[in-house]
Amino acid sequence: MSTPRVAITEYLEIDLNSERWHCRRCDHDIAPARSNYKEGLLVANRDPRDIHHPILDERYPFSYAPDPKWCRIIEFYCPGCGTLVENEYLPPGHPITHDIELDIDKLKERHAQAQGTANAAG
Amino acid sequence: MGGDQEKSIIEKFLEENVLFLGPDQQIMEDHSVVKTTPREQRALDSFTDTDQINLVRHKLQTACNESFDMVEQMGAAPGAKWGDLISGVWTANGDLALASMGGVLIFSVLTQHPVKFILKYWKDDPTVGLKDGDIFMHNDARYGNIHNTDQSLVIPVFHEGELICFTGAIVHEGENGAIEPGGMPSAAESPFDEGLKMSPIKVGENYEFKRDILTFLQNSVREPKLQLEGMKSKFFAAMRMKARVEEAIAEYGVDAVVATMRKTLTDTEAEVRRRLSAWPDGKVRSNVFADGTLRENCLIRIRCELDKRGDELIIDFRGSSPEFLNRPNNTVLASLKGMLAQEFLSFVWPDLPRNQAVFAPMTVLTDRRSALHCSPDAPNAQSMMTFFPGFTAIQIAVPKYLYSSSHRATDIIAGWYNMIVTFLYGGINQYGELVGNVCADLNGMGGAARWNRDGEHSLAPIFAPMADIGEQELIEEEVPLIKIVPHRLMKDAEGFGKFRGGHGYQQIATMKDSSMWGFMCCSIGSKFPTTYGIFGGYAPGTLPLCKVKGVNVFEVMKDQRELLRFTIPEIMNERPFPNAKYSTHHMGLQLEFAQPGELYMITQGGGGGYGDVLERDPALVSKDYLDELISMRSVLNVYRVVLDEKTGAVDAAATEAARQAEREARKQRGKPYHEFVKTWETAEPPREPPFYGSWKDRTLLYRGTPEDTCPADAIRSVMMPNPKDLRIAQLEAELEAALAAK
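Listed in order, the protein sequences are those of chains A and B. The opening position of the first sequence corresponds to residue 838 in the working numbering, with each subsequent residue numbered one higher. The opening position of the second sequence corresponds to residue 86 in the working numbering, with each subsequent residue numbered one higher.
Isolated chain A, as found in the complex (with noise of 0.2 Å):
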């Protein structure tokens, strides 16, 4: 019988058994599920630029880019497979947002609920 997986973002599912966040596209065990996922994660601060160039010349104080002294881009990577799990814009210093804290208990609960009425139906 497979481990139950519970899918919760493009890249991250949660293993009820174990209870540990894993990886989508390398099965990376990152942490446990009950704990901030990014905890198990690479995590890198890129200036907006990197991403977002200037569109208008430097000698404009706006120029499509964000500004790198108001705003940074940190990004989280699988640390087996280095995909960009996910990123923040973020003021400098301030502090990274814990944005995943599921009942684990209740998502049990309700897998079990789900797998004993597919059970039910054959």
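Derived by calculation from the structure, the hints in this document are not laboratory data. Each hint should be verified, as a subset may be incorrect.
[Claimed, not checked] List time: in silico BS3-like cross-link candidates among lysine-lysine, alpha-carbon distance up to 30 Å: (1) K310/B <-> K597/B; (2) K287/B <-> K208/B; (3) K643/B <-> K666/B; (4) K368/B <-> K763/B; (5) K752/B <-> K943/A; (6) K763/B <-> K906/A; (7) K120/B <-> K906/A; (8) K943/A <-> K368/B; (9) K756/B <-> K781/B; (10) K368/B <-> K576/B; (11) K144/B <-> K208/B; (12) K906/A <-> K666/B; (13) K906/A <-> K643/B; (14) K295/B <-> K317/B; (15) K763/B <-> K781/B; (16) K368/B <-> K144/B; (17) K97/B <-> K166/B; (18) K906/A <-> K781/B; (19) K287/B <-> K205/B; (20) K906/A <-> K756/B; (21) K120/B <-> K287/B; (22) K287/B <-> K310/B; (23) K216/B <-> K295/B; (24) K643/B <-> K756/B; (25) K666/B <-> K597/B; (26) K205/B <-> K216/B; (27) K634/B <-> K906/A; (28) K945/A <-> K368/B; (29) K144/B <-> K97/B; (30) K368/B <-> K643/B; (31) K597/B <-> K634/B; (32) K809/B <-> K597/B; (33) K752/B <-> K906/A.
We have chain A; now place chain B onto it with these hints.
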């Protein structure tokens, strides 16, 4: 006389001698549906055929749609023409039971407040009253509205002396006599700068407007004829809907109409709860940063925590920025709720009826006197500058519930573009009339990427499922505002991702044939993006206001057509007009008078991206490159695709190698989380840029500097200095230094 008796007399005296009926907090902070009344229960007991109820519901829904079309076709205000309105039917208790399917759905959960005010205060007041033939209006957002540029009109519908319901419409009318023309003054520094302030008011009796009040209202705005026309179109729409309700009563009986309105509300709330139950339980959080007040740049935190439990959703914005007492970017709580409901009505469950019950299972938590729950003392004409970011905060959070939900009515979607990048205008038109209003270009917001496809370009505003952007030729017939080139999509302005966001278009405007004409803009997001991608997808970039002053392009291009450029980057980087002054700014422009032929240029924003850029199909990257949506720089440095510059042919092997190299580079530059946090996170916000809102602890709010704080439950409102005073002080200091150096 005993103490209790004395107290009772004083309380009675105070109750009977209220000196001012301001916004009623109990009405304004309660978005729940009134419980079923005994009258409604009798109707439900006597009219139980669900098929018949369905027929009556369709009849009322069709009436709402019909009256919506009437206002859209008859209305003279630009907002009416492009669908910035709804029409609806409210129960005898004031709840909005059904509304038109199109239009601005924010109104769906905030039009009940003025109706409930009428019922609570005017119905039994001998000096006002509520009777057949009465016409009520309002526009003050503090009594329930998006902002004061919108005007509502409702009429009661009686049957054999019994109040059955209200019908009416609410429309973005535009001009309202504020400190700046056009109805949305970003220069407002107090509620008294925001123009017309109609608390719910009886403007007519016996189905006729009272001429004295009409004249007063016309004298209060810059476009008196528009004021009359707007009132008439809303009134006729309300009358048509009233006739349809009366037809339904005649055909099915009065209990059928009462039961249908009640059952529609009850069923809608039950269905929303059923759908919420399909989401996983738990918390999802997001942070959005507004980068200005429209007068100055600063960072305004919108902190959002969603907590879904069973069939209820708690939306917690506590810890967000304090209110700004002399800036108009504050939101009345009810307006915020209206915008949040938009997420569910347009993007999550668009198949549900448009009514107030859609939002009933949600609880919204805010700090009083925060920018998202401002006091009546704070101006709110530009509430969009905080409630749009509030909307985006939940729009990028909800997919984290929806992805694993057992029920979905729509696709998983990233952040839609969320700012009204358009020109407001005011002045004398080519017919010598004083006018002031807004261009419909704001409706061309770029669509967000979905889990399975790219976002559409310049598709629709976040606050309406369908709205027009107007015909430029028709606009030029009415006002002297000229677009010198057709709208073109902005290259590289998308939210990059596995699926990319849609692009927005460039607007290059000028004026001619006017003795006095001014432009305004009201968007944020010039330093910090306002919307975001999801699941690794990037935000769209930031957007400036660009100007070319000191030139009349009509004159210089008369004999030099070669000076014509078609895009903002070409004009700004190539500077084709000699001796002109080229400049960029944030997009908060207060009324600035222009000379003929001077250029004002802005760009509608794009949508957020979905997923990792390295997973984007190289063939889609090639197509976007050939369509000039992205530059070779983005092809190479963002998507890591190797293709032929001329033909767009993809080198698959080289692309795979480039992408693998980037994956390895990510692993090299990425640090383990805890190691990263040690060097990244600071205990408090920086001195520059000025930061407003909580940092680590949501109960402590910063007010622009690390030293200036207040508790979240006892907010001290922020007063901002005048940017011109700061500029003068800076110039004086420079002058003083220069003189001292001599």
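Verification of the hints:
no., hint, result
1, K310/B <-> K597/B, "24 Å, holds"
2, K287/B <-> K208/B, "11 Å, holds"
3, K643/B <-> K666/B, "20 Å, holds"
4, K368/B <-> K763/B, "25 Å, holds"
5, K752/B <-> K943/A, "34 Å, violated"
6, K763/B <-> K906/A, "19 Å, holds"
7, K120/B <-> K906/A, "52 Å, violated"
8, K943/A <-> K368/B, "12 Å, holds"
9, K756/B <-> K781/B, "22 Å, holds"
10, K368/B <-> K576/B, "37 Å, violated"
11, K144/B <-> K208/B, "28 Å, holds"
12, K906/A <-> K666/B, "27 Å, holds"
13, K906/A <-> K643/B, "43 Å, violated"
14, K295/B <-> K317/B, "12 Å, holds"
15, K763/B <-> K781/B, "14 Å, holds"
16, K368/B <-> K144/B, "41 Å, violated"
17, K97/B <-> K166/B, "50 Å, violated"
18, K906/A <-> K781/B, "20 Å, holds"
19, K287/B <-> K205/B, "14 Å, holds"
20, K906/A <-> K756/B, "21 Å, holds"
21, K120/B <-> K287/B, "27 Å, holds"
22, K287/B <-> K310/B, "20 Å, holds"
23, K216/B <-> K295/B, "15 Å, holds"
24, K643/B <-> K756/B, "59 Å, violated"
25, K666/B <-> K597/B, "19 Å, holds"
26, K205/B <-> K216/B, "14 Å, holds"
27, K634/B <-> K906/A, "29 Å, holds"
28, K945/A <-> K368/B, "16 Å, holds"
29, K144/B <-> K97/B, "47 Å, violated"
30, K368/B <-> K643/B, "62 Å, violated"
31, K597/B <-> K634/B, "14 Å, holds"
32, K809/B <-> K597/B, "29 Å, holds"
33, K752/B <-> K906/A, "25 Å, holds"
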